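> Taken in order, these protein sequences are the chains called A and B. Counted from 1, the first sequence has number 171 at position 171 by this note's numbering; the numbering is strictly sequential. Counted from 1, the second sequence has number 64 at position 64 by this note's numbering; the numbering is strictly sequential.
Rather than coming from a laboratory, the hints here were simulated on the basis of the structure. Every value quoted in this text rests on a predicted model; they were computed, and no experiment measured them. Be aware that a few hints might be false.
[Unchecked claim] Below, simulated BS3-like cross-link-like pairs (lysine-lysine); rule was C-alpha separation at most 27 Å, straight line:
(1) Lys27/B <-> Lys203/A
(2) Lys148/B <-> Lys138/B
(3) Lys278/B <-> Lys377/A
(4) Lys196/A <-> Lys78/A
(5) Lys8/B <-> Lys278/B
(6) Lys278/B <-> Lys236/A
(7) Lys247/B <-> Lys336/A
(8) Lys103/B <-> Lys8/B
(9) Lys9/B <-> Lys336/A
(10) Lys255/B <-> Lys236/A
(11) Lys262/A <-> Lys9/B
(12) Lys400/A <-> Lys234/B
(13) Lys434/A <-> Lys188/A
(14) Lys278/B <-> Lys262/A
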Amino acid sequence: MNDKKTVMRVQDSKERINNFLEVELGYNDEEAKKEAERCLHCPNPRCVKGCPVNIMIPEFIKCIKENDLKKAYEVISKSSTLPSICGRVCPQEKQCESMCVKGFKGDAIAIGSLERYVADYAREHHFEEKVTIKKNGLKVAIVGSGPSGLACAGDLIKNGYDVTIYEVLHKAGGVLTYGIPEFRLPKKIVEEEISKLEKMGVKILCDVPVGKSLTIHDLEKAYDYVFLGTGAGLPKFMNIEGEDANEVFAANEVLTRINLMKAYLDSKTPIKKGNIVYVIGGGNVAMDAARSLRRLGMEVHLMYRRSMEELPARKMEVEHAKEEGIIFNLLENPVKILTDDDNHVTGMEVISMELGDVDEKGRRSVHELEGSLHTVKCDMVVEALGTSPNHLVFTDSDIKLDEKGLVMVNDDLTSEKNVYAGGDVVTGAATVIKAMEAGRSAAQKIMESK
Amino acid sequence: MYKIIYNKKISSNSYEMAVNAPHVIEKFIPGQFVLVMANMDSERIPLTIYDVDKDKGIVYLIYQVIGASTLELMTKTKSLFGITGPLGNPNEICNNIDLFKDKKIVYVAGGVGIAPVYPQVKYLYEHGIKVDVIYGAKTKDLLLIKDKIEKVSNKVYYCTDDGSFGDQGFVTGVLENNHDYDVCVAIGPVIMMKNVCDVTKKYNIKTIVSMNPIMVDGSGMCGACRCKVDGKIKFACIDGPEFDGHKIDFNLALKRMNIYKEEEKKKLLEMQKLLGVK
């Protein structure tokens with residue numbers, strides 16, 4: 001019995017810091033089969049429970065073994081709307097793979113890699129999903145074209161609803177388009193998944209800021225149901241001195257310029273290139289920003305106030321970042337950004353941190369180490385400290401929000417009749433798959449409410 | 001794609017564009033702005049709405065050609081790739097007519113700042129409020145839409161830096177001589193708004209200014225447009241673009257305008273080469 005998983009081939013780190021091409025190259029047929037063979041097909045599969053959308057994992061893996069990729073894709077499609085995307089960006093090590101029995105004594109089955117293999121194969125071979133849509137005459141407006149909106153749209157269109165998505169940017173996809181970099185999620189894949197939905201009949205209206213161009217009330221009047229999947233897009237700042245300096249950016253800005261506006265291709269949208277940049281934060285967004293800037297030729301440091309152990313980013317992203325030469329400044333926190341007279345960044349005043357006891361949330365507490373104040377030199381700072389919901393969409397609406405500004409829902413239903421919500425706008429910043437799950441759950445509730 | 005009705009030169013450095021975009025104007029109240037993309041691969045730039053025709057679904061924009069993106073916009077004749085809006089909040093006076101009915105109001109416009117000032121003055125005129133306007137520019141040729149603004153205001157004071165039209169000097173000089181107002185709205189270059197605020201502070205005149213910093217998405221996502229208002233971070237795109245002029249940190253705003261100065265120079269040269277213009 002093989003206890004080691006089939007490792008996915010990656011682009012060499014020396015090579016990839018000079019390009020934005022995908023880092024992970026995916027399994028070939030042989031590798032996929034080899035990995036599939038490791039699956040034990042547990043009668044009571046724990047992995048399925050670990051998957052937020054409960055993909056019948058052993059079933060699709062069995063299909064890979066049997067060379068029936070068409071069926072494998074059908075099995076996955078029953079539960080997931082965007083498998084090419086989830087196979088890449090889901091934190092499987094915390095979900096399905098963390099539950100895998102094989103993981104007790106060796107490596108868990110590389111479920112994410114297999115999912116990606118099947119989905120990519122299906123895309124490349126133009127597997128058409130067999131859906132016969134019988135229109136039911138009901139109209140749904142979806143606000144936001146990110147993962148929750150797309151997932152919701154996918155389920156509703158297949159079940160006969162007339163679906164229109166409203167998007168404020170000029171391009172659909174939400175965080176998949178503006179946030180996650182090309183080297184982790186090629187935009188061609190996102191575009192293909194979206195065009196698949198459009199072919200099924202989903203209408204996408206870009207350039208429309210709901211809340212400004214029209215309100216939620218307007219949508220309620222024009223549609224039978226509304227789904228709000230507007231995410232959590234508003235960047236948080238540290239509120240420290242010097243933060244207004246010219247070279248201090250939110251990670252969202254850097255990523256939007258690079259991914260949505262293609263600044264990495266020297267497009268018409270400029271991007272700042274510092275010599276030494278500090279990215280503050282330890283999540284996936286911090287990792288994405290750090291690795292993107294590294295590819296633009298900068299010396300990139302990642303500053304996080306806890307230690308490597310508590311780093312919330314996916315382990316694999318951290319590994320890739322290390323290979324790419326990102327310097328980790330752990331147990332450190334900026335207290336002040338230093339500037340010259342023209343408001344340019346010259347460095348940061350930093351304090352060292354020490355880990356304490358585990359707090360009520362199960363996380364190690366952290367406190368400043370007395371007398372440890374020191375300065376670091378840099379000419380650019382990028383803050384990746386999380387995001388909160390954007391309230392633009394709620395202008396002139398009666399949707400009830402909680403004290404954190406998140407939409408209050410009961411079984412995905414907001415305080416307004418026939419208006420549902422899901423994803424980051426309800427939970428606060430989370431993951432792509434959780435947002436998809438929420439979108440699908442709301443679609444289910446809409447169907448049940450008939 | 002949005003149909004361009006016309007895109008014509010109205011002064012040595014400014015253009016007026018009429019574009020079909022019904023989604024932008026249905027709910028438009030003066031004070032709000034749009035984000036525009038000339039082509040699919042263009043930068044997203046904020047522009048002020050200067051007029052709307054709600055029946056025909058047409059938005060009128062006035063812009064000054066100052067960099068790569070406005071240069072590119074200048075060459076568009078058939079269609080615009082993108083226009084998003086209306087973004088930002090309506091002007092405080094236009095949005096609360098009753099509160100300002102009995103106030104003495106002055107609008108101060110500098111250069112193309114007349115573009116966002118005009119729809120406000122017109123809106124107030126249509127709602128029974130006639131305001132004074134102080135309008136300054138470098139020289140006579142750069143004073144735009146004089147007839148239109150005169151038609152909807154009580155009195156227009158002109159001034160030019162070179163004295164070629166109206167008083168010679170700055171808008172602040174005119175304001176010093178005519179400061180019997182309760183409320184002032186100043187829109188123009190940051191330095192002008194700063195100087196106007198210095199005057200109005202002295203005479204205790206409530207002052208609203210409209211900030212136009214660098215933006216990317218215009219919907220609160222990127223944080224590029226942050227300003228400091230009363231010591232707190234505010235996003236011009238969703239918290240503004242108009243703020244209490246006596247609380248804005250203008251010096252910071254002036255410095256932050258230079259964030260991409262070097263990059264913009266390079267992009268301008270590239271664009272000039274691409275379009276074959278100087």
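> All the hints need checking, so say for each whether the structure fits it.
Status of each hint after checking the structure:
Only pairs whose Cα atoms come within 27 Å are accepted, and Lys27/B paired with Lys203/A is accepted, the gap being roughly 22 Å. Restraint check for Lys148/B and Lys138/B: satisfied, since their Cα atoms lie roughly 20 Å apart, inside the 27 Å limit. A distance of roughly 40 Å separates the Cα atoms of Lys278/B and Lys377/A; the hinted pair therefore is violated under the 27 Å criterion. Only pairs whose Cα atoms come within 27 Å are accepted, and Lys196/A paired with Lys78/A is accepted, the gap being roughly 15 Å.
For the proposed pair Lys8/B and Lys278/B, the alpha carbon gap of about 18 Å is at most 27 Å, so the pair holds. At most 27 Å may separate the alpha-carbon atoms for a hinted pair to count; Lys278/B and Lys236/A exceed this at roughly 41 Å. Only pairs whose Cα atoms come within 27 Å are accepted, and Lys247/B paired with Lys336/A is accepted, the gap being roughly 23 Å. Restraint check for Lys103/B and Lys8/B: the C-alpha separation of about 37 Å exceeds 27 Å, so the hint is violated.
Distance hint between Lys9/B and Lys336/A is unfulfilled; the C-alpha atoms sit about 48 Å from each other, more than 27 Å. Only pairs whose Cα atoms come within 27 Å are accepted, and Lys255/B paired with Lys236/A is accepted, the gap being roughly 22 Å. For the given pair, Lys262/A sits about 31 Å from Lys9/B by alpha-carbon distance, which is inconsistent with the 27 Å threshold. Annotation: proposed proximity of Lys400/A to Lys234/B holds, straight-line Cα distance about 24 Å (limit 27 Å).
For the given pair, Lys434/A sits about 22 Å from Lys188/A by alpha-carbon distance, which is consistent with the 27 Å threshold. Among the hinted pairs, Lys278/B with Lys262/A is consistent with the structure: their alpha-carbon atoms are about 26 Å apart, no more than 27 Å.
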